Every structure is written in structure tokens, then in C-alpha cells.
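> Please take these sequences and the hints and turn them into a complete structure.
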Amino acid sequence: MPNQTHSEHNWRITVSDQAQVSRDGLESFVYDDKIVRMFGWATIIWGIVAFLVGVIIAIQMAFPAAGFGIEFLSFGRLRPLHTNAAIFAFAGNAVFAGIYYSTQRLCKARMFSDLLSRLHFWGWQLIILSAAITLPLGITQGKEYAELEWPIDLAIAVVWLVFFGGNFLGTLIKRRERHLYVALWFYIATIVVVTVLHVFNNIWIPAGLVHLIKTGEFAGPTFLMKSYPVYAGVQDALMQWWYGHNAVAFFLTTPFLGLMYYFMPKAAERPVFSYKLSIIHFWSLVFIYIWAGPHHLHYTALPEWATTLGMVFSVMLWMPSWGGMINGLLTLRGAWDRVARDPILKFFVVGVTFYGMSTFEGPLLSIKAVNSLSHYTDWTIAHVHSGVLGWNGFMTFGMLYWMMPRLFQTKLYSTKLATTHFWIGTIGMVLYILAIYTAGITQGLMWRAWDETGRLAYPDFIETVTKLIPFYWIRVVGGLLYLTGAILALYNFYMTWRNRPERYEETVHYAAPLSANYDGDPPAKSRLTANAGFGHAGDKFLQGNWHRKWERRPVRFSIYVLVAVSIGSLIELLPMFLVSSNVPTIASVQPYTPLELAGRDIYIAEGCYNCHSQMIRPFYWETKRYGDYSKPGEFIYDRPFQWGSRRIGPDLAREGGRKSHLWHYEHFKSPADVSPGSIMPRYPWLLSKPINFPAIQGRVDANAMLGVPYGDLVLDGAAEEHAQFQAATIAAELEEQGGPSMDQTADKQVIALIAYLQRLGTDLYKEAPATKPVTTQEEASHATD
Amino acid sequence: MRLTDIVSNMDLDTYPIIGLVLFLVAFAIIVWGVLKTPKSMIQHQAHLPLEDDFGIQTESTNKSKGVSHG
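Going down the list, the sequences are from chains A and B. Numbering-wise (the numbering used here), the first sequence opens with residue 1 and increments by one. Numbering-wise (the numbering used here), the second sequence opens with residue 1 and increments by one.
Simulated from the structure, these hints should not be mistaken for laboratory data. Hints are not guaranteed to be accurate.
[Claimed, not checked] Here's a subset of chain A near chain B, in silico, CB distances under 8 Å, partners left out:
1. K266
2. W283
3. L309
4. D701
Predicted model, so just to flag it, every value in this text is computed and none were measured. We treat Cβ as the ideally placed atom computed from N, Cα and C, and that holds for glycine.
Rendered as C-alpha cells:
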């Protein structure tokens, strides 16, 4: 064809190139399906665990006695286990199963290293197991979706980047298909960006380890795991939600889009509706998503410009997201009749529809006016569950039902059972989401309602809680249905597995290796005549050969993705860290005392941030209920920040001095006796477990290392002595108020926690200390130099 | 002079606009690149998931050494 374009010519060369090599000898290879089977099993098993823990904590919210006063079963400790299990164990293993299956086939190559595949699998399961042990023990960083402590963080970095990333990149490099299919781009973005997010959000001082090395004193295994982030307050909040939002983007969205672009065409037996749209979808998402994080912090102490930037980019995100959804659904063009009888397509259609709903709702919730109503309410929880149960869950089940019978080399045990799973799951999900949407909006409206005299219509927070209990029961039913569906899937896969052949048949594939000197893309030639140099350069650029070259070079492609996300991250984060005026400090705000610091760490360990915020927004109804709105300078010693993201209980930012020590003591013992109708769990162990006084010096020293001006309290034993004195004082006051004898309470954890709660939000109204105040965060950081 | 001082004295009012412009430029370039990709190449790329076993020779074996169940 004399008039064919360069690219058409190139493609033909590719084909003839392979044909040529086939005469000279092809390379043979066998796909590693065993690793896919392993990740597939892990997905469904961990999924059931995640859903079961979800049901348990859902029951606890409707019926708090279901915690039985056992510390390992308390809501604050189990909720992080539920979220981590759902995200990293269920969705994570699903992503790995899908990636290992599709990457080998799209690359026409076995995974780069079987050893790395196995290290990845077992390493990841060990990390999940570590989470399942440490979180109920109260070992946590206290940052949502980044709760796991530093030794596990290090393990994640090695398993994710070295074992998984190295293995994946190695496979791309030794592939036998020249073009990288768009699903592989989404996987590349996932690996690159999750690495960046994980590393930057987990920069900490391992307080226990430093204490052990410095003093030779072992202050217990829990303290050995303790760390403090290098960021504090507002900066920590921005970093955390830059991470938190993009973890949703690059752990729960981009890899699943990759799976969608691979498995939906496979299941529908037709190519994706528009490959061009998928390319635009990819780059738009990668570029825009990274900017959107600050929308989680509207009306907080974060500067206004940062949240506006987050909002604008969140709204922009709607367009590529819906482009992707439409692309997914239209892939089924001409195959809609099959949706009626094929449960796999049913799962995919509903999964992609939920992607569309979630990505419409996300931008909606990022709009400040909407966010003022939705934030801290159950609306956010409904939004998250429509994403995880609908999008991630149903895409996973669709993928597993398609993949597992092929991996077991037999037919699915029961299509009818799979269809039943689909309907049970759908009904459960709809029940859950509708109930919690209603609960969230009810909650938000009740918080802000006032009467004709300008007073809050529901001044007692408990009123806004008891109103929601019926919805919480509906959620339990919805969750149980979804869990039942997953158990049916496990049974179906188990029975399918039992029907496997005695030995799995291995198919040997043959393909030509890629030529090292590929010349399929000769440099573009200018089509212009009599133009200046830049005209020719421009014409070559416009021919688009550069993008097609990118698409064949995985290492460079990864670097370009890194550049795309770095631009957004740097523009968003750097001013926050470098402009002093963004965090105006307050002279009267002083560091926590050693005992308060220990109490704060108990607050974190118990996961109090899962139910209580510490951030009063500048709204009439919030200041009326909780007190003066929160200022950025109030949080400069908060490592980690504890603003929270929901209010199952009231905000605690100005809790200090509001109630007596005795009220708090009795409240921890039995909340419902003090506040009838309260759904807070009982904390009897706080009344009996001793404060770890030897560890207090280590806590103070670690904070001092991070720039907190602790002065003489860093001297050997000074912090511990100070803490014991303050504990005795509070215990004596508690006794005076009618509480137990101070001999029984002075060394108990509840005293440290009361010390912390009584301090919250009080510095704002104190006199600045007589000594020269620390006036900027920078000076604070140099105060101990 | 520290980096903090330099950034503190910068006028950041236009910062979000710079971000937006950067995105729009990148977006326009990508869209242009995509639109210029020849149809035959796009079709080849779009069909890759359906060609796991096409364009390569395969043979099924139930080899005596086989593979253990996993």
C-alpha cells in the first residue's frame, strides 16, 4: 500500500517481524497461574474477614453492649482493622490477583521472578496478619488508613516496591508484546504513586526504638512500636489527606480501572468501546487526582487557598471519571442481552455503575457548601461504602467468577449460586447505603438546626445519636446480606476447586522476543516546506509519535507518571510547609505535659479519633455547640493531628475544663450511665491498667527531637517524675470530687487520659508564659537547638 | 536567606491558576497525541486483551511432570 501512513506501516512491520522470527525459533513460556490462584483465595478469605469485622462494629453502633467491655473488641480498635482489611487485604489481594493474571498475558511473558511473586504473596499476607494482631492491641499511628506502625510500614515498603514493583517492572521489560496496553499504564501508576504516598506520609521518629538505643531501657513491646510523625498539626493533616485521598485514588481506583479495561473486554468478548478515550481517561486521572486531597479539610484550620484548589480539581475529576465509566459500560454494546443471564457481566455492570455514582458524589461532596453539611456525618461513610462495596467489591467478584474457573480448569460449580450472590449483595449494599445516607443527612441537619430564638434545636448531642439507631440496624442487615453473598462465593469457589483436574494442564505459549533494535517508529519528518526550524519541530510534535514511544517504554513511562503526580503534590504541599504565615503560632499554646502526652497516646491507641473530631469549624451552629472555632496555631504540638473525619460522638477540641474529673472517670467506666442513650463503648480496662511511666521519658525525648521545646524535661527521669506528680494531683482532685481513693487511681491509664482531655482547647484562653514566647513554628523547632 | 523566607515572600495568589494552566496544557497535548494516533494502531491496541492466544502459537500439554495443585 503505497499511501499507508507510517504507523500503519509500523504495525505491519511488527507482525512480519514476529513471523520472521518464528521461522528462526520462538521463545516458549508458561504463565504462572499458581500465584494468581493464591491471591484469588486470599482475596475471598480476607474479604469475608473484612466484612465480618464490619458487621461486628455495625452491631456495636446499634447495640454498644456488643463490645462486652473487652478492649480488643472495642469500636475504636476494630474500626481501623475493618478499614485496613477491606482496603489492603480484600481489595489489595484482588488487585494483585488481577494484575498477575493480566500482566503475564498482556506482556506474553511469565512473571519476571517466581521467587519475587512468592515473596510478594507471603510478605503481604504477613503484613495483613501483623495488622490483625497490632490494631486490636491498640498499636497504631492514629492516622486513618495509615494506622500501621513503623516496623510494618517498613515491611510494606519492601514488599510493595521491591517484591511487587520489581517483579512487575521486570516483566514489562522482558515482555514480548511491543505495545503496553492501557491496563498496564494504570498498574504502573498504582505502583509508582502508592510508593510515593506511603513513603512521604510515613516519615516518623521510632520513639521506642530511639529510647531503647539511647538508654538501654526496654519500656515494653507496645512502646517499642510507637512512633511520632515528623509533621505536626496542620501540616500533618494536609500530608495525611494528601495520602488518604490518593490512597483511594491509586489503591482503589486506578488498579481497578486497569482490571476493568482488561477483564470487561474479556467477559464481553469485545474490545473496549474507545481505546482513545481510555488514554485520555488515564492521563486526566493521573494528573487531576493528586490535587484533590484538601477537600477532606474544608472549613478546618487549613488555609482557604489550599482547600479551594482541592475543590476545583475535585470537580474537574468528575469528567474523566465519567469518561471511564461510560467507556466501561459501552464496552458491553451489543452484549446487553448476555447481562440478563451472565452473573459475571451483572457484577461488572453494577460495579462500573457504582464507580459512576461514587465519582459523581465525590466531586459533589467536595463542594464547600455541600461539604459543610456532609462532613463528619455518616454521609461520608455511605459514600465510601458505595465505592468499596459497589465498585471495588463487585468488580472483584466479577473478576473472580470469570477467572477462578479458568484457573481451576473446570466450569464454575454453580452459576445460579453466583447469580444469587449478585442479588443478595446488591440488596445488602442498597440497604446499607440508603440507610446510612439518610442517617448522615439527618445527622447533619440536626446539628445545624436552630429554633426561632437562635438556640440550637438539638443542643444535646445524644439526641442526634439516638435518632440514628434504626438506620444503624438497617445497616447491620445490609452488611449481613453482603457478607452472606461473599460466603456463597467462597463456597462456590471451593466446590469449583474440588472439581479441578487431577493435574493442571499447562499451556506452552510461543512468541518472538522483542527486537532490541526496533525501528518501527522512525523519527517523524516535517511535512512542511519553507518554514523556520521551530515550524518543522512543531509539525513533528503534532504527529504524536512521542506518545506512542512512551507507550513502549515502561521505565520512562513510570518516570512521566511520577512527574505528573509530583507537579500537583509539590504545588499543593510545598507552600504549606514553607510559608510560615500559613501556621500562625499562638504565644499561649504550650507543649503537652509529659502525663498529657502519655494520655494523648492512649487516646490514639484506643482509636478515639474514629468517633470524635477535634476541629471546630467556623459555623454558628458549631461554635454555639462546641465553643470558639479551631485555629491552626493550636495544633503545632499535635503529632499526629487528631482532627478526625466523623462525629459519632461530639467534637472534643474544647473539652478541657467542661466536665469534672469524676464525670470523665464515671463516663469511661460506663458511658450510658452518665449519658443515657450514649453508644460509646465501656472502657473498664482504663481504670485498672497502669500507666507506663518508664516510657514517658522516651515519649518526651522523641518529641523534643522533633523540635518541641521541652527544656529540662528531657533530663534523665525528669519527665517521669513530672508525670507522676501531675497524676497524683489529678487523682487527689478526683477523690475530692467523690471518686475512688487516689491510691487506687494515681497510676492508672484513666488519669493520663483525663489529664489530656482536661487540657484540650484550653491554651487559647491562657496567659502567654512570662518567658519569651515561641512565636513561630520555626523558632519552636530551633528552641531546643 | 532560607528557602522558607523565599517562599514566604513569593506571591502565591496565582498559584492555583498556574496549576490549572499546567493541567490544561498537559491535557491538550495528550488529547492531540491521542487524536493523531492512526486507527489501525488503536484497533490493534484495543484488541490486545482478546489476543492472549492469538498471534502466538500455543500447544496444550498434559505433561507427565504436570503441575501440582495450588
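> For each hint given before, does the structure comply? Return the numbers of the non-compliant ones in rising order.
4
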